[in-house]
Amino acid sequence: MDIKICGLTNVEDARCAVDAGADFLGFVLYAGSPRGIDVHALARIRASLDTRIPLVAVVVNPSCAAAREAVEVGGADIVQVHGSVGYAVFQGFPYPLWRAVAAGGGRLEPDPVVWPAARYVVDAAVAGQHGGTGVRADWDVAAGVARLSPVMLAGGLTAGVVAEAIRAVRPLGVDVSSGVEIAPGRKDHAQVRAFIAAARAADA
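Per our numbering, the sequence shown starts with residue 30, numbered consecutively.
Source of the hints: derived by calculation from the structure; they are not laboratory data. Don't take each hint at face value.
[As the list claims (entries may be wrong)] If you anchor each label on the Cβ, the simulated ranges turn out as follows:
#, residue 1, residue 2, range
1, Asn39, Leu201, 20 to 30 Å
2, Tyr116, Ala230, 29 to 39 Å
3, Ala94, Ala70, 10 to 20 Å
Where a beta carbon is used, it is the ideal one built from N, C-alpha and C, also for glycine.
Produce the complete structure using the sequences and hints provided.
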């Protein structure tokens, strides 16, 4: 079970996630998010970590150039795309792409069939929002995607519900942001550790 701690904004929280056993660290490169940082802050965090744990840059409706900058300047290993941007923008993109898809009302947006990606981050469908809402995704829809494609389940996950979510969806991994926070962009280290421990136990 892959575990991603997302919405990180500082070195201390990133180190906590690493020490607790996270597999991926997520950083939001979007000014419209309360967890948003810029590419230079991401580069400083990368330089301060004494591990090569994969970093995921979360971007919203980016240009191809902005997505490349997240890797080439920020030091990210993976780009996670949100919003309405089409796959055509990323034809020939040389770095791993994850695609956020909204699950709600029995459907997905966008449809993974028309948006090829290495993984799909299945999150709740919340109008005008791009993740980090704390709203639970449609687990039935997510389970259907997980049977066909590599899925990171997001949306409303906490230490208290992650085991149930894993049993219901059988995803490749889980992705948490607001569910382990004191405030947007500030992680509760005890909750980070509890979330990772609960996910590992459920997977075992």
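Problem set entry | 10 to 20 Å as the expected CB spacing between Ala70 and Ala94, which holds or is violated | holds (19 Å)
For this session: Using the beta carbons of Tyr116 and Ala230, state whether their distance is inside 29 to 39 Å or not.
Result: holds (37 Å)
Exercise. Does 20 to 30 Å hold as the CB distance between Asn39 and Leu201, or does it fail?
Worked result: holds (28 Å)
Consistency note: the structure conflicts with none of the earlier hints.
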